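On the provided structure of chain Y, position chain C as indicated by the hints.
Protein sequence lines correspond, in order, to chains Y and C.
The first sequence: position 12 = 12 (our numbering), numbered continuously.
Just add 87 to wherever you are in the second sequence, counting from 1, and you've got our numbering.
The set of hints was computed from the structure by calculation and includes no laboratory data.
What you were told as hints is all true, and nothing was included just to trick you.
Over 10 Å on every C-beta distance to chain C, these chain Y residues come out as not near it, computed from the model:
no., residue
1, Asp12
2, Ala14
3, Leu39
4, Glu42
5, Ala76
Have a look at the derived ranges for each label pair, beta carbon to beta carbon:
no., chain 1, residue 1, chain 2, residue 2, range
6, Y, Glu42, C, Asn292, 43 to 53 Å
7, C, Val288, Y, Pro40, 50 to 60 Å
8, C, Asp341, Y, Arg53, 26 to 36 Å
9, Y, Glu42, C, Asp204, 37 to 47 Å
10, Y, Gly36, C, Thr293, 48 to 58 Å
11, C, Asp204, Y, Ala43, 39 to 49 Å
12, C, Pro391, Y, Ala43, 38 to 48 Å
13, C, Val208, Y, Lys6, 15 to 25 Å
These figures come from a predicted structure and were not determined experimentally.
Glycine is no exception: its CB is placed at the ideal position from the N, C-alpha and C atoms.
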Amino acid sequence: MTYQDKNSIPQDPAEQVYEQVCMGCHATGVGPVIIGRDLPPEAVKLFVRNGSRAMPAFTEAMIDDETLDRVAQLVAASEGPTAPAAQ
Amino acid sequence: MSDPTPTLPEGVNAAAFDSAVTRLQSLLGPDNVLTNDEQLAPYSKIMLSTPDEQHRPGAAVLATTVEEVQGIMRVCNQFRTPVWPISTGRNFGYGSAAPATRGQIVLDLKRMNRILDIDPVLCTALVEPGVTYQQLWNHLKQNDIPLWLSCPAPSSIAGPVGNTLDRGVGYTPYGEHFMMQCGMEVVLATGEVLRTGMGSVENSNTWQAFKWGYGPYLDGIFTQSNYGVVTKMGLWLMPEPPAYMPFSIRYEEDDDIDLIVETLRPLRIAGVIPNAFVIANLMWEASAVIPRSKYYEGTGVTPPEALAEIKRNEGVGAWNVYAALYGTPEQVEVNWNIVRRAVEDSGRGRLITEEEAGDTEPFKYRAQLMRGDMTLQEFGLYRWRGGGGSMWFAPVSQAKGSETKAQMELAEGILNEYGLDYVAEFVVGMRDMHHIVDVLFDRTDPDEKAAAHECFGRLLSEFGQRGYAVYRVNTGFMDQAAELYGPVKRAVDQKLKRALDPNGIIAPGKSGIV
Chain Y
1 MTYQDKNSIP QDPAEQVYEQ VCMGCHATGV GPVIIGRDLP PEAVKLFVRN
51 GSRAMPAFTE AMIDDETLDR VAQLVAASEG PTAPAAQ
Chain C
88 MSDPTPTLPE GVNAAAFDSA VTRLQSLLGP DNVLTNDEQL APYSKIMLST
138 PDEQHRPGAA VLATTVEEVQ GIMRVCNQFR TPVWPISTGR NFGYGSAAPA
188 TRGQIVLDLK RMNRILDIDP VLCTALVEPG VTYQQLWNHL KQNDIPLWLS
238 CPAPSSIAGP VGNTLDRGVG YTPYGEHFMM QCGMEVVLAT GEVLRTGMGS
288 VENSNTWQAF KWGYGPYLDG IFTQSNYGVV TKMGLWLMPE PPAYMPFSIR
338 YEEDDDIDLI VETLRPLRIA GVIPNAFVIA NLMWEASAVI PRSKYYEGTG
388 VTPPEALAEI KRNEGVGAWN VYAALYGTPE QVEVNWNIVR RAVEDSGRGR
438 LITEEEAGDT EPFKYRAQLM RGDMTLQEFG LYRWRGGGGS MWFAPVSQAK
488 GSETKAQMEL AEGILNEYGL DYVAEFVVGM RDMHHIVDVL FDRTDPDEKA
538 AAHECFGRLL SEFGQRGYAV YRVNTGFMDQ AAELYGPVKR AVDQKLKRAL
588 DPNGIIAPGK SGIV
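Isolated chain Y (complex conformation) (with noise of 0.2 Å):
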């Protein structure tokens, strides 16, 4: 996923590591598919702080606490697969 322009970077913190982190890998099947999924915001966290496999673990410094938060409620609340997912 590509931002060619400045209109393109989301405003919310959240919604710039959902767009700019997780979607980098889970929106263009590098990773499993995690929207439109229903994944409990636990779970979500869960992944994001221990990493699983290839995918990197996240540590606070990186995404606060309050911002995994709302990521995990993005994620959550995110609407069917924009991409194939990965095999």
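Here is chain C on its own, set in the frame of chain Y:
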């Protein structure tokens, strides 16, 4: 409160460690000293073949100012507790955020994330260690500053300070990142603050303009080392060119690597192709778009029949060159004609332009990387085999076809002995090639993990016997890599360490220096 049973560094007793933690808590505030397992988990995640326990930190501390870093040095010296500085901690396949040895206190500089200066006239930047490429990219775009970054493949979540200090590379004409670095601020183990180059001159305004300063040039000793904690770094940025033309060249045979290098090296040295272009093999190329399970469900080395089928069906070559031209439209046209003629005269290779490639991967992400845009597409490498194991084996090669072919054959032979694939690219430097092999393995499979570990040691030693050494290595093999550079180099490294860090508190083990 600290965890009742912290992971202790070697030679440090529980009482001293606990005292250090208590002092750090009063220095930084309790919330900025992390000691429980849940907090330390993200600092412990590695992709290496070494055991997790070997790299588990004893604690992590979050600093936001230079004064706090100075204070941390004082505390760690007092209690002889080793401290492992990280910037963004995204050194995947080289150790990520975890220390080389257990029990070290991770000094996390991610919250020191100010972009202190961008000079759009001189095309320079001054940043703190926690700044990510994405943050810098956003800043340039939001402020309409027409400057380009050069970033490694994990772009958005990695940062220029960490990557440059580990002498990482990118894919633009500024791809040799340490060459484009200019000026550092370093907190020494003594607590003193050194500014390198012109930065130590009072009222100087040339800190980011002139690299060398006066007398011995010091910046180099703070890269791939443990002689200080870099808290600011200058770098040069590339002015956005009026025209940009990425292209690919597809080659059909493994042995073409010799001809590719002989065809393109003169164009790189002459500056016709100005960027750190890449020559990626079939599996590297394919991994960006598919997992290998699409063609092969088994274990061990990917069979030749599967590779032939991938080549046929997925439109990838045995070797795939990605390069780009930059400049005015007239310059690009002239250089394109030179490239086209050289490839045609060589009798092999099919040129592919952006128009032909369209919006397809992997061309798209390669084109993004060669203009310093953010993409994580190359993480596809990690799903090639699955299981989360990755170690970069990165020997330096002369930019000569015969050498690259010899290294290719040697690496492939050793990897295949251990049931592992040769997934590789060459990044073309000014005179060298960074031969980058991703040693991919299933970290959840103990046998494959053990095989990968033994294989990596063999790669280092077999290459070393032939005079080849890596430019960078993961935290599990730093000592072995340092051995390849000989006893005098190791002794000098160690003397510098003792002179600058008498108690050896900063990142013991980094590059084999304790």
